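Q: Here is what each chain is made of, one letter per residue.
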Amino acid sequence: MLAKRILLVEDNQRDEKLTLEAFEINRIPIEEIVVARDGVEALEFLLGAGSYEGRNLNEMPHLILLDLKMPRLGGLQTLQRIRADERTKMVPVVVLTSSRQEEDIYASYQMGTNSYIRKSVDFDKFLETIRKLVDYWLETNEPPRFAIKGNSLK
Amino acid sequence: MTTEVIPTELYTAEHDENWTSYRLMVNSIKDYAIYMLDLEGCIKTWNPGAEHLKGYLTKEIIGKHFSLFYTEEAIQAGHPNYELEIAQKQGCFEDEGWRVCKDGSKFWASVLITPIYNDTKQLVGFSKVTRDLTERKKAEESVKELKDVKFALNQSTIVAITNRQGIITYVNEAFCKISKYSEQELLGQNHRIINSGHHPHQFFIDMWKTIASGNVWKNEIKNRAKDGTYYWVDTTIVPFLDASGKSYQYIAIRHDITERKRIEEENLKLTDELEQRVIERTTQLAQLEAMNKELESFSYSVSHDLRAPLRSIDGFSNLLLRSYRDTLDKKGQEYLQFIRSDSQRMAQLIDELLNLSRLTRGDLNRQSVNLTDQAKNIVQELQKQEPERSVEFVAAEGLVANGDEHLLRAVLENLLGNAWKFTGKTSNPRIEFGMMPVIDKPTYFVRDNGAGFEMEYADKMFGAFQRLHKMEEFPGTGIGLATVQRIIHRHGGEVWAEGKINQGAAFYFTLA
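Protein chains in written order, with our numbering: chain Z, 1 to 154; chain P, 155 to 666.
If you're looking for bench data, these hints aren't it; they were derived computationally from the structure.
Quick caveat: nothing in here was measured; it's all calculated off a predicted structure.
A virtual CB, placed ideally from N, CA and C, is assigned to each residue, including glycine.
Hints are supplied without guarantee of correctness; some may be wrong.
Under the rule of at most 20 Å between Cα atoms (straight-line distance), these lysine to aspartate or glutamate pairs were calculated in the EDC-like manner [what the hints assert, rightly or not]:
#	chain 1	residue 1	chain 2	residue 2
1	P	K485	Z	E16
2	P	K624	P	D613
3	P	K484	Z	E21
4	P	K485	Z	E24
5	Z	K17	P	D468
6	P	K624	Z	E16
Which chain P residues stay away from chain Z? Per the calculated CB distances, all over 12 Å, these [what the hints assert, rightly or not]:
#	residue
7	Q276
8	V297
9	N308
10	P354
11	W371
12	Y384
13	T389
14	T390
15	S401
16	T436
17	D527
18	N582
19	E648
Extracted from the complex, chain Z is given alone in its bound form:
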């Protein structure tokens, strides 16, 4: 069991399901996958607001998988706010989206994403993508230890 926490920000239920299935098929034992349906929900979770009021903010996700096109608050604005907040600005973010628009890629890096991955229509390739992604970001990569001053990430 990887003692890791992932925040999946995805408005599409099918995509959510497929992503979760991909974790399962790849036999990636994630401690917790939190799903947020849009940027507003994602920020509520990250900052302990709304339905996540009182959440332990020491338990920050080790990785945020962020879709771009969502209702209410889109991926780019969400990313901007994540990077603007002391508490969340160092959390690795991988933009996981359908878009291959130049503007989206450019803007994503401009807003401070760590990676930009386009979801493949081919599910086999998607499985491979998820496997590599987890392998790199949650196993190979050393995440920041101190997302919040004085508090280590668990």
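Assemble the complex: chain Z is given as a structure, and chain P must be docked to it using the hints.
A: The following block gives chain P in isolation, referenced to the frame of chain Z:
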């Protein structure tokens, strides 16, 4: 008029029958000034003709020197005495020249001075006969002036004279030069010989009507020269009228305006070309702009929205193959359902995307449209589709707008359809269609008390594929309001929205 015309001394000296007759004769002549001068040129006799011509009475002129009748210049030149000398030398002096009357006016005089001798051949004086030739002089001058004018006209303009039948009876050199026909070729012809075929038949009919009725006709005519080249002339045709006021011939005075016409035509062509180019460019730009926008949203949706369902289809098919290869249980069936619904969704997206792009093409067919009737009709349709729902619908009566009937129906279908959809979870749902109290232009609205939205997102809603609600709450493609906005903008109107979460939404639009 005076009666005492003969000096008394003469009268007493030569008193006989002959003298009386002579005196009566001279006195009866009114058109000639006949008088005598002495050797020095002083006036000795005066007749009524002289009085009439020169304006002096007998009593005021007798004894005065005849140089009184001469102009300043003539006196300076010594004319009066010179004339007497000549008369004496040659037996008479004849001349024409300006003479001065008592009132200072001048007349053109024919003068004859004859020396008079007595029986002993001794010079005793001069007779002077003067006639007023001013009228003749004027006539002569008029003729000369006319000749000069004709000369000037011939030098400067193209002249032709035709008879009443339009047969050319006179052409000047300029006419020959520009038409490249000789005088011989032109005389006896009519103007058809130089007709270019440029002007409609009616043009010449109007011309003939005008000049035949004695009026001056002016216009610009395109003619064809003998060598087939064309020239333009600014033409004035003046009818010559006989005593009864009927035109008996016409003089056509023309000026060569070929160069001006060429420049005009060139300018016109240039202007036309420029306008055409501007129109083309404007159209191209507008088309390009529209195409770009379409392409933008199309490619974005292809890369984004059309891909997601495809991914789903592929993903769940894949999962079915992985996990339920042998049996297809309930879960497998559910996945199949997902595949199906996503396929349908994709089809719907494609349909609506094409719909939206179609709205930017085609003509806007403006007419009077009864919006109230349309709204009622649409809500009836919605009710038919969901007969179990009970929605209060209020429509303002008699709202008529100027717009494209088909497109305005699409606007109301979308707005009322949204209102219908977003009141689906509202108790006592209410939809209202109406018009705001007119301030400057009619502002229509569709209002509901449904799910509403946060004002923060009010502008975002009108973008294609933008949704403010979760799919599982209120299904949709996010293209309806984009469609509405495009239609309203095409009408030159504006559309905007007001809303509050769970307190309903209102959409306003104008059409010009």
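Q: If a hint holds in the structure, say so; if it does not, say that too.
A: Going through the hints against the structure:
Under the criterion of a C-alpha separation no larger than 20 Å, the hint pairing P/K485 with Z/E16 is consistent with the structure, at around 17 Å. For the suggested pair P/K624 and P/D613, the alpha carbons sit about 18 Å apart, so the restraint of at most 20 Å is met. Proximity of P/K484 to Z/E21 is assessed by CA-CA distance (about 17 Å); at most 20 Å being required, the pair is judged to hold. For the suggested pair P/K485 and Z/E24, the alpha carbons sit about 16 Å apart, so the restraint of at most 20 Å is met.
Distance restraint check for Z/K17 and P/D468: the Cα-Cα separation of roughly 13 Å lies within the 20 Å cut-off, and the hinted pair is therefore satisfied. Annotation: proposed proximity of P/K624 to Z/E16 holds, straight-line Cα distance about 14 Å (limit 20 Å). With a closest Cβ-Cβ approach of about 134 Å to chain Z, P/Q276 is found to remain outside the 12 Å limit, as its non-interface label requires. Non-interface status of P/V297 relative to chain Z is upheld: no Cβ of that chain comes within 12 Å, the nearest being about 93 Å off.
With a closest Cβ-Cβ approach of about 80 Å to chain Z, P/N308 is found to remain outside the 12 Å limit, as its non-interface label requires. With 12 Å as the threshold on Cβ separation, the claim that P/P354 sits away from chain Z holds: the shortest Cβ distance comes to roughly 61 Å. No beta-carbon of chain Z is positioned within 12 Å of the beta-carbon of P/W371; the least distance is around 71 Å. Its beta-carbon lying about 60 Å from the closest one in chain Z, P/Y384 satisfies the requirement of being farther than 12 Å from that chain.
Distance check for P/T389 against chain Z: the nearest CB is about 68 Å away, which clears 12 Å, and the non-interface claim stands. Listed as a non-interface residue, P/T390 keeps its Cβ farther than 12 Å from every Cβ of chain Z; the least gap is roughly 71 Å. Here P/S401 stays apart from chain Z, with its beta-carbon at least about 82 Å from theirs, past the 12 Å limit. For P/T436, the requirement that its beta carbon stay farther than 12 Å from each beta carbon of chain Z is met, with the minimum near 28 Å.
No Cβ of chain Z comes within 12 Å of the Cβ of P/D527; the nearest lies about 35 Å off, and the non-interface call holds. Once the 12 Å rule is applied to beta carbons, P/N582 is consistent with being away from chain Z; the minimum gap is 27 Å. Every beta carbon of chain Z lies more than 12 Å from that of P/E648, the smallest distance being close to 25 Å; the non-interface claim holds.
This entry satisfies every hint, going by the numbered hints stated previously.
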